[in-house]
Amino acid sequence: MVDPKNLWVGDELRVKSSGRIGTFEGVAGNGKVRVKSGPKIYLVASTNLELYTPLEDPVTDLGIEDIDLEHKKNNSTEKVGDAIDLHIEKLSPELSNALPERIIDLQISSFDIYIEAAIKAKKHIVTIIHGKGTGVLKSIVHQRLKTEEKVFSFRELNDGGATEVVFYF
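Residues 70 to 238 (our numbering) make up the sequence shown, in order.
Just so you know, the hints here were simulated from the structure itself, not pulled from any lab data. Mixed in with the good hints there might be a few duds.
As the list claims (entries may be wrong) - Okay, the calculated beta carbon distance ranges per label pair:
no., residue 1, residue 2, range
1, E217, N166, 30 to 36 Å
2, G229, G150, 18 to 24 Å
3, S222, G150, 32 to 38 Å
4, S222, T116, 48 to 54 Å
Stated by the list, open to error - DSSO-like, lysine-lysine: derived pairs with alpha carbons at most 30 Å apart:
no., residue 1, residue 2
5, K201, K148
6, K191, K207
7, K109, K207
8, K201, K159
9, K189, K219
10, K148, K159
11, K109, K159
12, K74, K148
13, K105, K148
14, K192, K159
15, K148, K215
16, K189, K159
17, K85, K159
18, K148, K191
19, K105, K207
20, K85, K148
21, K85, K109
22, K85, K201
23, K219, K201
24, K219, K191
25, K159, K215
26, K101, K85
27, K192, K207
28, K207, K189
29, K219, K207
30, K159, K219
31, K105, K74
32, K201, K215
33, K215, K192
34, K191, K201
35, K105, K85
36, K105, K215
37, K189, K215
38, K74, K85
39, K215, K85
40, K74, K101
A virtual CB, placed ideally from N, CA and C, is assigned to each residue, including glycine.
Start from the sequences and build out the full structure, keeping to the hints where you can.
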């Protein structure tokens, strides 16, 4: 809970119930806090708010260690799998209740690391399991695949819950 009397216009807040991030815009006549998120202003009870501090470096703040991909390339005992499951329950179960922003940062970092490792291992076909959901992660995955020069093609599998990627070398 935040005390609206201690807030300044522009302070960043998080709505506990939805995870929505916005800025403090003042207090409405009914005592609710005005929170601007995107183009909309929401009226939220102060008990449902907390101060939001953005992560300075989401990758290290989530505890994701740097992976030495050159070492992995030269170490023949470590192999890149044919698929990666980006569901948070598979990547890091302890973060399943984390903020959506933290989860998506971990998923994107894991995807980037996996694609780089797959290219270095000269995998010809891999599968990215991103789930159906709202399509946010799938959109980001597809956007990044379009810019990767080693990607020959990609297509959706499992009614849109996964993407098969074909590389050329």
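### Message
Could you work out which of the previously given hints the structure breaks and list their numbers from low to high?
### Response
3, 11, 12, 13, 20, 36 and 39
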